[in-house]
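Protein sequences, first through last, are from chains V and B.
Going left to right, the first sequence walks through residues 2 to 609 as my numbering numbers them.
Going left to right, the second sequence walks through residues 11 to 272 as my numbering numbers them.
To be clear, the hints were calculated from the coordinates, so they are not data collected in a lab.
Just so it is clear, CB atoms sit at the ideal spot from N, CA and C, and this is done for glycine as well.
Just the calculated beta-carbon pair ranges, DEER-fashion:
{"id": "1", "chain 1": "B", "residue 1": "A148", "chain 2": "V", "residue 2": "Y515", "range": "44 to 50 Å"}
{"id": "2", "chain 1": "V", "residue 1": "S536", "chain 2": "B", "residue 2": "H14", "range": "49 to 55 Å"}
{"id": "3", "chain 1": "B", "residue 1": "I46", "chain 2": "V", "residue 2": "R505", "range": "47 to 53 Å"}
{"id": "4", "chain 1": "V", "residue 1": "V61", "chain 2": "B", "residue 2": "P41", "range": "46 to 52 Å"}
{"id": "5", "chain 1": "B", "residue 1": "A148", "chain 2": "V", "residue 2": "Y460", "range": "25 to 31 Å"}
{"id": "6", "chain 1": "V", "residue 1": "E384", "chain 2": "B", "residue 2": "Q137", "range": "36 to 42 Å"}
{"id": "7", "chain 1": "B", "residue 1": "A148", "chain 2": "V", "residue 2": "L449", "range": "39 to 45 Å"}
{"id": "8", "chain 1": "B", "residue 1": "A97", "chain 2": "V", "residue 2": "R437", "range": "51 to 57 Å"}
In silico DSS-like pairs for lysine-lysine, Cα to Cα no more than 27 Å straight-line:
{"id": "9", "chain 1": "B", "residue 1": "K82", "chain 2": "B", "residue 2": "K94"}
{"id": "10", "chain 1": "B", "residue 1": "K173", "chain 2": "B", "residue 2": "K141"}
{"id": "11", "chain 1": "B", "residue 1": "K82", "chain 2": "V", "residue 2": "K360"}
{"id": "12", "chain 1": "V", "residue 1": "K108", "chain 2": "V", "residue 2": "K181"}
{"id": "13", "chain 1": "B", "residue 1": "K13", "chain 2": "B", "residue 2": "K95"}
{"id": "14", "chain 1": "B", "residue 1": "K13", "chain 2": "V", "residue 2": "K360"}
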Amino acid sequence: MATLAAATGKRKIKLNQNCGRSLFWPALAVFGIASQFASPDLLLAQSLEGVRQYGEFPLVGSRVAIWVAAQVHLLFAAFVLGVPMFAVVAEAVGIFGGDSKYDKLAKEFTRLLLVAYSATAIWGAILSFLLVTLYPGLWLYLTEIFQVSMWIYVCLFFFESFTLYLYYYGWDLWNTGRAKWVHWTLGILLNIWGTAVMFIANSWLTYMMSPPADVTPDTAPGMVQFWSAFANATWMPINIHRIIANVVFGGAIVGAYAAYRFLVARTDEERAHYDWMGYIGNLIAMGALIILPFAGYYLGREIYEFNQQMGITMMGGFMSWLWIIQAFLIGVLFLAGNYYLWVGMGRIPGAERFMPYTKYMLVVLVLGVMVWATPNTMIADREEIAAMGGTHHPFLGVLGVMSAKNTAVNLMILTTFLSFLLYRRANSRPTVDWARTGTIVQGALFVLASLIVVFYGVYGYFVPAIVRIGFSVYQVLAVLATIIGVITIDVFMLRGAESRGDIRWGQMPPRSQYALFILAVTFTWLMGLMGFARSGIRQHWHVWEVVRDTSEYAATPALGYAAIVISCCVLIFFTLVSFIFWLGGLAEKGTKASADSVAATSSTQGVS
Amino acid sequence: MSKHLRHPLGRAVLVLLGAYVLIEFGIAYLPPLFGIPSGPVPDTVLFQYLGTVVVGILIWVSDNETRWSEFKAPLHKVMVEPEKKRARLALAVIIPALVGLMTFNQVKPSMAAPATLRSIHPAPPGQIDFKGETMELAGLENPLRATGSMEEHYESGREIYVKNCMACHGDGLAGRGHYALGFNPGPASFQDVGTIAQLTESYVFWRVAKGGPGLPNEGAPWNSAMPSWEDFLTEEEIWSVIIFMYEQAGHEPRTWEEEGEH
Numbered sequence: 002m003a004t005l006a007a008a009t010g011k012r013k014i015k016l017n018q019n020c021g022r023s024l025f026w027p028a029l030a031v032f033g034i035a036s037q038f039a040s041p042d043l044l045l046a047q048s049l050e051g052v053r054q055y056g057e058f059p060l061v062g063s064r065v066a067i068w069v070a071a072q073v074h075l076l077f078a079a080f081v082l083g084v085p086m087f088a089v090v091a092e093a094v095g096i097f098g099g100d101s102k103y104d105k106l107a108k109e110f111t112r113l114l115l116v117a118y119s120a121t122a123i124w125g126a127i128l129s130f131l132l133v134t135l136y137p138g139l140w141l142y143l144t145e146i147f148q149v150s151m152w153i154y155v156c157l158f159f160f161e162s163f164t165l166y167l168y169y170y171g172w173d174l175w176n177t178g179r180a181k182w183v184h185w186t187l188g189i190l191l192n193i194w195g196t197a198v199m200f201i202a203n204s205w206l207t208y209m210m211s212p213p214a215d216v217t218p219d220t221a222p223g224m225v226q227f228w229s230a231f232a233n234a235t236w237m238p239i240n241i242h243r244i245i246a247n248v249v250f251g252g253a254i255v256g257a258y259a260a261y262r263f264l265v266a267r268t269d270e271e272r273a274h275y276d277w278m279g280y281i282g283n284l285i286a287m288g289a290l291i292i293l294p295f296a297g298y299y300l301g302r303e304i305y306e307f308n309q310q311m312g313i314t315m316m317g318g319f320m321s322w323l324w325i326i327q328a329f330l331i332g333v334l335f336l337a338g339n340y341y342l343w344v345g346m347g348r349i350p351g352a353e354r355f356m357p358y359t360k361y362m363l364v365v366l367v368l369g370v371m372v373w374a375t376p377n378t379m380i381a382d383r384e385e386i387a388a389m390g391g392t393h394h395p396f397l398g399v400l401g402v403m404s405a406k407n408t409a410v411n412l413m414i415l416t417t418f419l420s421f422l423l424y425r426r427a428n429s430r431p432t433v434d435w436a437r438t439g440t441i442v443q444g445a446l447f448v449l450a451s452l453i454v455v456f457y458g459v460y461g462y463f464v465p466a467i468v469r470i471g472f473s474v475y476q477v478l479a480v481l482a483t484i485i486g487v488i489t490i491d492v493f494m495l496r497g498a499e500s501r502g503d504i505r506w507g508q509m510p511p512r513s514q515y516a517l518f519i520l521a522v523t524f525t526w527l528m529g530l531m532g533f534a535r536s537g538i539r540q541h542w543h544v545w546e547v548v549r550d551t552s553e554y555a556a557t558p559a560l561g562y563a564a565i566v567i568s569c570c571v572l573i574f575f576t577l578v579s580f581i582f583w584l585g586g587l588a589e590k591g592t593k594a595s596a597d598s599v600a601a602t603s604s605t606q607g608v609s
Numbered sequence: 011m012s013k014h015l016r017h018p019l020g021r022a023v024l025v026l027l028g029a030y031v032l033i034e035f036g037i038a039y040l041p042p043l044f045g046i047p048s049g050p051v052p053d054t055v056l057f058q059y060l061g062t063v064v065v066g067i068l069i070w071v072s073d074n075e076t077r078w079s080e081f082k083a084p085l086h087k088v089m090v091e092p093e094k095k096r097a098r099l100a101l102a103v104i105i106p107a108l109v110g111l112m113t114f115n116q117v118k119p120s121m122a123a124p125a126t127l128r129s130i131h132p133a134p135p136g137q138i139d140f141k142g143e144t145m146e147l148a149g150l151e152n153p154l155r156a157t158g159s160m161e162e163h164y165e166s167g168r169e170i171y172v173k174n175c176m177a178c179h180g181d182g183l184a185g186r187g188h189y190a191l192g193f194n195p196g197p198a199s200f201q202d203v204g205t206i207a208q209l210t211e212s213y214v215f216w217r218v219a220k221g222g223p224g225l226p227n228e229g230a231p232w233n234s235a236m237p238s239w240e241d242f243l244t245e246e247e248i249w250s251v252i253i254f255m256y257e258q259a260g261h262e263p264r265t266w267e268e269e270g271e272h
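Pulled out of the complex, with its shape left as it was, chain B reads as follows (with noise of 0.2 Å):
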């Protein structure tokens, strides 16, 4: 057993299969034990990972003149030697019915939607209508810090956001309040690094305001059950969310770069 482990063919099978419990099993389930959230590998992913690796592997098999031929050598052996016909004729058969089954899966008709390619940050508007207003979103801070007292806009936001999203975003603002299993794909997550740390306050004031319905075509489908909060709350309330989603989160809003000189 050992030999065929310290053979390049059997430590290229051995590394695939090890990439593949890691990377199915391992990512899904280690971070746990440790107190890291994580959860399974979409299947495109896991698809792209395995992808990189078996090039990975066929690069290390190959750009040895030594460790090439003695990799190829049990498959040549099995391609063409009379000894090896009943592996030839085994493989003539595994091989297809293994394409087969794949094609199989990949076709047969299913219930659930397909994968789709969803945009998480739509390209804003350069402005906006708000209640009868237009404003211009380039550049646009967030006038509550530049007035009054942080505390109050923070208690106040907080207030908002209990009473208007947390059912949704959650006490933590990590996407899984009461209603969240509800959704599918379920309320953004706004401890992720990926989403308010991300942004300018002009850029989720907009978000906030206009919700899903308020999505560019180029979101579409809308994908959110996100209301138009504009209907609900005023400009100073979604600032002051605003200021406490990022508190909260313990993130800072992106900030607007300095003036370029065209």
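Chain V with its partners taken away, still in its complex shape (with noise of 0.2 Å):
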């Protein structure tokens, strides 16, 4: 930090040509506007030099202390931006289609949101309060580039928070006619703030990995533009995947909760609520799931773009192991996915007839898992090394490469949507007089993507690195393609069909419930470990190239290590969501029990 301090002595002034990719953003009106009430004297004002640059935590340590409660304030804040999605969509369906019961889902699910959005909050003073006394010279630096951006994210917190009360308070009164579409509006606008106030979180952490250009050690903080440090190169790309991801997130937690309610459940009629709920979570989280890894290509392109260095850290160097634990963990994901669909076929009448082909699919997930999670080096002792000719394996080594990931996982994502399209059709007996065609369609599409995958895949191994990266995204083209035109062709093709009984909701064997439990672990893990690789690439640096970290934690610490601490957060964040779970249900019984009392008191009255 010594540069750092000199650095602000010198006070260069260097305009930043950078203007990132998003100048039209309109944002951008909104920050110009609060910049005129931030004077340049102001942000020149603070200097760095004097500043104690570091502080230590009891036991852990500093960088422990911080990363715990970055890492547990970041799952909450991902779950209490995901679940507003779906709860604004779900009370759309509520709306739109008549059925009350998508309503009570919403609700039930803003309910979740109340709790899970304190703890955020108390998890984010946390953090702040840890960045202050832990880091403040960091953090000096960071609010001289930043300050303008914190008080608009003080004032969209302030909006989110009480969006969120009037949405949630306001639920029972305002719940027919024009006073519905308001508090739907009011569904939407607690959306606009919570995705504003991740945009502007994201823009500090993405500052760190990917400053502009031109921002040197000696460049000094107050003179960096605001809004090419603000749309640096990775921040979109890291806002568009943790949009997906939130998402992904947000249905894997309801799915847990809606596994935990069930497996308490009391009543059938519990049961097949909580069943219903489990099973939207589950498919909120797996349809969302299937695309990100496409926003995860592209902010993994964007960081190769942004530093050559960083990107090789990330996928060929130490930090490309936790790429092998990752796939393990999406695999259990899928395999976890499918497995809940398919048990829950036992209760959809008309499904014994797919029931055959689960096991040709499962051998497929299976397989996919296993080519995705080879490593492209492998752990072997010496002897083993020796017995193979080197780290790399004659034979299976050429599992190890993109090729073979890419083809696994395009297949893995096909088999899924094939296992959704099955569910979806179990019970249905489409009347329109094309449905044969239509299914043949149906058929000749998937093949043609497994196709298109597979020779992509193969063809890969004889053409240029560079050449090779480009078939990935004809890979990804082919199976959206195919999940869009079967879609739409299985829209048309089931207006009006028959049923062949209803879902008999409820009827879940409770083993598929654990499923819903490892969906959510998994993903939180996922969460965990995959951040400390976007974050450790920085390596020693707190803002990569330009402030180093000069602390006694300034060694990216080894992957066990980081493991065990990301674990941590996990127990702990689950700790939190268990209670909550619990506070939910408690709620919920306060409320019956006052009904009861109502009730009660009513008939008395009416008897004397």
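Take the two lone chains and join them into the complex the hints point to.
This is how it looks when you write it as structure tokens:
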């Protein structure tokens, strides 16, 4: 930080030419107005000289303290940003479809938000206080650049909080006619505030990863052009990746809540409701998971483009082992998600005709996980390495490169989509006269997409790396086109379809619910591990190649150590979430008890 | 016997055993029958594959209520029925003994070095010092590709390779040179799709010029006997041997992407 202090003294004025990609982003106008209130003198007023650079936290040290606070805050934040998205969609389905159970579902989602929202704010405050006390030098540096956005952040947070309260507490009051539309608008506003808050926070952390090219250790923080720092190279990729990931995460946590309520349910009605809720949670989580890898690919590509060294550390260097763990965990997600659907088919009349095919889909998924998780460089002892002739296996080595992995993951996505399709069609009998042709076309689309995926996967071994990278786009487009095409056909084909019988909601074996728990825990773990990969590639820099970490914790932690810290974060999060789940049930019991008491009083008065 | 094999538990055991035999022996011995090189599968990968297979088997036996009941029935019988007491007692001895044996094998003292996570592609620095001059690696192309005759560069590279590299990396560039068996881990195979085929020429230049001692901290401990060839070769000689390596291995070097907007 000595260089930083020296730089502050020089106060060289360097205008940043990097205007980012999104200059037309509407938020620019907001920041432009807000910037009027930030005097340039004020921006320059604070000097970093003389500031204590680091504090010390007892027992675990500063790094672990800030790490845990940031991670747990992020997990809660992801939950409170993801859930409103599908709460508002569920409410819309209730309004437009006239089905009140969707409205009830949306309200139940929102009830979970209230406590989770407080927890998010508490952990946010813990994170801020720890940053100020343990990393004051870095904090001061960031505030000099981002202070305007911090003020706006607080305002938006205020709006978000009160919109949430209005949204929840006004639910029963504004439940009909025009008032219901106003209520739904509140839900949309809640999402807008929340997303804006996330975008602002994302700019701070992405600036630390990918500061504009002309910001150097000699650039005084007050001289860094605000918008250039805000809309840095990895800002928009992170925004997109996090929006989708929040939906996935929110769906998984809601699924886990439904599973918990299903397992403790005392009546068939409760079991039916929470079975259905679990299904919706799983549908949302798995549906969004299917597109998440594409957003992740975009983010990874932007990181590579920003800095090759960073990209190689992440994908080919010591962080590459995290991708093997990620492959395993995502494999678990695919397996658990499909398992839940297959078990669920047991309660759908007509699903028996599809059950014999699930074992083939299972084989594809298991082989996919094995290929995806095959390391490029294998963990082996000296004797094994000598027997293989190196750390690359002469035969399995071909599975360690991206051609094989892209092929595996795309086939797994197609298989999962096929499971959804079979689940969806299980109790329907199409009545349109082109049903057979439609089904053949759907099958042909699946076969064609699989052939395209396999063709480019194999062909990728025979072309230069730069060409091979482009093949993944064709594979992804083939899969996406199939998903869109098949769903479109299905929607029209099932119009006016006969039912083979009602789904027997609630008649799910309890073991299926553990699949929902596994989904939630695995997602949480994944977020922590891959978040570490993203953050850890900065190595010994607070701000990449601008502000060096000169603390005793500058060394990048070993993967095992990181895994332990992240697992502790997951444990803390789920302990708190379990408490929130319990509170959710408690609130309902309280409402029921008071309703029963009112009913009893009324009936007593009636008798007297 | 066939009745047992039709039972879900029998099938599960059969699939698991089949998977074990295929991974442990099939991968090592079947491909060479068709002229495809292979080798034994490391224990870590065997464990990883079998773990995935076990999860798959558990999903198969439990995704259907009837199959799940059938699968559990014999286990339930052994655990609770009085006439299965002998089997129960036998399991009560065999299972802890197996766990004990595995634990013993895990913790018994060994002279072998532990298995390590090795980064085969450590991140390159943004720039290097080469014979007193600074070279920016990002965006750096092989200058010989734009000048002179490729045949001459190739011939020059071949001579340098034979004199300096072949003893370890082999005449077929497959990491099987005369000295290869003396190194553990062995020299890199350039035929492998996971080595130079994945890399830009500037990366390969950095590795050749700086060798094992120039590996970054994240590559430590070095685990590389590669010398720093900048002490023995000129810049042009290194670029020409790189041309030879790619031509001879039949790979195209990774090229740089078009400049981004930022």
